[in-house]
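Colleague: Residue numbers (our numbering), protein chains in the order written: chain A, 1 to 275; chain B, 1 to 275.
It is possible that part of the hints are untrue.
All copies of an identical chain are treated as equivalent in the list; a pair is satisfied when it fits inside any one copy or across any two copies.
[Stated by the list, open to error] In the PhoX-like style, the derived pairs of lysine-lysine whose C-alpha atoms are separated by at most 25 Å in a straight line are:
id : residue 1 : residue 2
1  : 18        : 121
2  : 48        : 78
3  : 26        : 96
4  : 216       : 27
5  : 21        : 96
6  : 96        : 54
7  : 48        : 96
8  : 26        : 69
9  : 266       : 96
10 : 27        : 78
11 : 69        : 96
12 : 78        : 54
13 : 27        : 121
14 : 266       : 241
15 : 266       : 18
16 : 26        : 54
17 : 216       : 74
18 : 27        : 96
19 : 121       : 241
20 : 74        : 27
21 : 121       : 216
By construction, these hints were calculated from the structure, which means they are not laboratory data.
There are 2 protein chains.
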Amino acid sequence: MAHAPYEHITSTSNPTIKMMKGLDRKKVRNETGLFLAEGARLVVDALKFGWTPKYILVGQDTTERSEIKELLDKCALKGARILTTSPRILSAVSRKDNAQTVIAAFEQRSQELNTIDVEDKARFIALYEVRDPGNLGTIMRTADAAGVDGVILVNQCCDPFSVESVRATMGALFSTTLVSTDFETFNAWRLSNEINMIAASVNGTLRHDEANYASKSVILMGNEQSGIPEQAENACDVLVKIPMAGAADSLNLAQATAIMTYEVWKGAGYDGANL
Amino acid sequence: MAHAPYEHITSTSNPTIKMMKGLDRKKVRNETGLFLAEGARLVVDALKFGWTPKYILVGQDTTERSEIKELLDKCALKGARILTTSPRILSAVSRKDNAQTVIAAFEQRSQELNTIDVEDKARFIALYEVRDPGNLGTIMRTADAAGVDGVILVNQCCDPFSVESVRATMGALFSTTLVSTDFETFNAWRLSNEINMIAASVNGTLRHDEANYASKSVILMGNEQSGIPEQAENACDVLVKIPMAGAADSLNLAQATAIMTYEVWKGAGYDGANL
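Looking at chain A on its own, in the form it has when it is part of the complex (with noise of 0.2 Å):
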């Protein structure tokens, strides 16, 4: 296959090393619809998944290594601009002083309510006005690792596609469905699509291991500080409680999110387990 034709850029001031370095920022994320994501894997990642990078910004020596040769072509081929670079302006996009050697920049997307297929014994993962990036990244992976058929992310979330937020997904950013809504239209589809609404609330009555999570489920978390709201709570089918016998704080958003997921998931039988 034909080398393909890399632009090489040398200097910071170079307009889509500007854009590139800008995307640490919601406002030039907004504006652009782009999106980072570091390391050669996480762009195998993705193209595994059907995303292809706008660019990629690449060490110079790393365009030799096979591998990365052969990455680089097969992003060229679906249109991806290829810019190759040095360490120094690698480290200025990525803010690090080790900086990876590949750095990606996607589209974002998300979907919409309406076009997700929700099968038997779905399970979602809804998560109400979540703040910190790291626990959303965290929590999609791990969505990803139980097989959950989506995340909704209810009102205002902070960016799942920030850079720390891409980072903590490890990648199941390409592989889990991705859908922000506000609560009222949230709740009218989990409810015309007869989806079982729990939430994990400290106000919670059943212990969160006693829910009957075999049918269609969807586990709604609150916010790091403040929970869910009340009216939100009211409108769940049922409210349950993490035990806990600790002396200083509660379990950790993210915390709490994997065990009500293995939960549901083991209610659901491990259906498609890679046991």
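Dock chain B against chain A, hints included.
Modeller: Below, chain B without anything else, positioned relative to chain A:
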């Protein structure tokens, strides 16, 4: 009560400030035996569990708030040195723009295995060469929430007293029994105490929720990259596997540990749970 004798510090070249600033480095933590905890709430938690700060650095304006004054006086009575200072110096020590207005330095503590009281149904988490301080801190928080009897750091782990780890514990550092040891000593201890050792591993043959956790148990969790070495796996009573359906990466270590910890606790009948 008379006002405690606060010292006022105006320069980052003050030796105590230089030392506290250095506590983000393991070398300085080792030399001084100290570590930092940020925020008044952590100091309140610490006192509750019998820890007294050696130094408290506090924003001068903050000392006028009555609950802060009360906290400082309580610490001073127990021998803490109270240093008032400016936001600029607080930021220099915490290396953050918006620093907490209370930063305390405590003496590090850890226990020896043979001082642990192993009761019936005791539950432990052992981490084999855990590398990420955020994971370690999060696991300590979960251990606290689940009333785990001790967290055992096996072989060379990351430092539980790093700023990142302490922050992730959300105070659980002060309430959790912590031990550092090598694998042989750990394994001899758990054998002599008849503690069932269950590892979560890709080589597991039993599903994680099908093992018997009714007796005294320790779950052994592996390093983020390399898991648990063969020799340590061979020493286990059972290897279990958490089901995965995922296409991208596996579960994050802290997430897997949370799922395991709650299975163990369920096996023990959620004794002592605050339901």
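Colleague: So, for every hint listed, does it hold in this structure?
Modeller: Going down the list of hints, with the structure as the test:
1. 18 x 121: Result: close neither inside a copy nor across copies, 46 Å intra and 58 Å inter.
2. 48 x 78: within (13 Å within a copy, 60 Å between copies)
3. 26 x 96: Classified as both; 19 Å inside a copy, 21 Å across copies.
4. 216 x 27: neither (37 Å within a copy, 53 Å between copies)
5. 21 x 96: both (12 Å within a copy, 22 Å between copies)
6. 96 x 54: within (22 Å within a copy, 34 Å between copies)
7. 48 x 96: Neither, since 27 Å and 39 Å both go past 25 Å.
8. 26 x 69: neither (31 Å within a copy, 40 Å between copies)
9. 266 x 96: This pair counts as neither: shortest intra-copy Cα distance 40 Å, inter-copy 42 Å.
10. 27 x 78: neither (27 Å within a copy, 49 Å between copies)
11. 69 x 96: Classified as within: same-chain Cα gap 24 Å, cross-chain 40 Å, threshold 25 Å.
12. 78 x 54: Intra 9 Å, inter 61 Å, cutoff 25 Å: intra-copy only.
13. 27 x 121: neither (38 Å within a copy, 53 Å between copies)
14. 266 x 241: Answer is both; intra-copy 17 Å and inter-copy 14 Å each pass.
15. 266 x 18: Answer is neither; intra-copy 47 Å and inter-copy 52 Å both fail.
16. 26 x 54: within (18 Å within a copy, 41 Å between copies)
17. 216 x 74: neither (39 Å within a copy, 54 Å between copies)
18. 27 x 96: Answer is both: 21 Å inside a copy and 23 Å across each meet the 25 Å cutoff.
19. 121 x 241: both (22 Å within a copy, 22 Å between copies)
20. 74 x 27: The answer is neither: 30 Å in one copy and 46 Å across copies each exceed 25 Å.
21. 121 x 216: For residue 121 and residue 216, the Cα distance is within 25 Å only inside one copy (4 Å; across copies 35 Å).
The structure fails to meet hints 1, 4, 7, 8, 9, 10, 13, 15, 17 and 20 from the earlier list, while all remaining hints are met.
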